[in-house]
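Enquirer: Sequence:
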Amino acid sequence: MTSDTQDHFPQNEMLNTLRKERKRVQIFLINGIRLVGTIESFDAYLIMLSTPTGVQGIYKRAISTVQVDTGTRPPSTRDRPRDEHTSSTVITRRRRPTGPPGAGGHGRSDTDDSS
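Residue numbers for the sequence shown follow UniProt numbering, beginning at 1 and rising by one.
Bear in mind the hints are in silico, worked out from the structure with no lab data behind them.
Treat each hint with caution, since some may be false.
Result set (EDC-like, lysine to aspartate or glutamate): computed pairs, CA atoms no more than 16 Å apart in a straight line [stated by the list, open to error]: (1) LYS23 to GLU13; (2) LYS20 to GLU40; (3) LYS60 to GLU21; (4) LYS60 to ASP43; (5) LYS20 to ASP43; (6) LYS60 to GLU40.
Simulated DEER-style distance windows between Cβ atoms [what the hints assert, rightly or not]: (7) ASN31 to GLY99: 41 to 51 Å; (8) VAL55 to PHE9: 16 to 26 Å; (9) THR98 to GLY32: 36 to 46 Å.
All residues carry an ideal CB built from backbone N, CA and C; glycine is no exception.
Could you put together the complete structure from these sequences and hints?
Expert: Shown next, in the form of structure tokens:
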């Protein structure tokens with residue numbers, strides 16, 4: 001594949017427009033990390049993103065989403081305050097009833113906690 005045909009992919013057209021217009025973008029990685037900055041350059045494998053902490057190289061294979069930064073953060077479960085309406089999941093593991101063989105498992109042993 002030559003670079004002439006590569007320029008006509010919609011992905012490259014979008015990235016090039018964002019780069020030329022110096023639009024601020026959000027890049028979400030497949031591991032959930034969100035990066036914000038401007039696209040400095042890109043090629044077939046890598047995007048160079050200028051962020052407040054410096055320029056970062058991001059492999060395209062690690063990216064799930066690229067979008068224009070709207071200035072608002074998506075809702076996150078970590079950012080929500082816990083209140084009385086929020087409940088956590090509780091898993092209770094019950095002990096199997098033990099008993100003498102042939103009792104059908106309905107008997108209880110002396111070591112069984114019933115708390």
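Enquirer: Now, for every hint given, state plainly whether the structure supports it.
Expert: Tested hints:
For the hint linking LYS23 to GLU13, the alpha-carbon distance of about 14 Å falls within 16 Å, and the restraint holds. At most 16 Å may separate the alpha-carbon atoms for a hinted pair to count; LYS20 and GLU40 meet this at roughly 9 Å. Simply put, LYS60 and GLU21 have alpha-carbon atoms about 21 Å apart, too far for the 16 Å limit, and the pair is violated. For the hint linking LYS60 to ASP43, the alpha-carbon distance of about 9 Å falls within 16 Å, and the restraint holds.
At most 16 Å may separate the alpha-carbon atoms for a hinted pair to count; LYS20 and ASP43 meet this at roughly 15 Å. Between the alpha carbons of LYS60 and GLU40 the distance comes to roughly 14 Å, so the proposed pair stays at or under 16 Å and holds. Between ASN31 and GLY99, the C-beta spacing of about 49 Å keeps the proposed range 41 to 51 Å intact. With their beta carbons about 24 Å apart, VAL55 and PHE9 fall inside the hinted range of 16 to 26 Å.
Roughly 44 Å separates the CB atoms of THR98 and GLY32, a value that falls within the hinted 36 to 46 Å.
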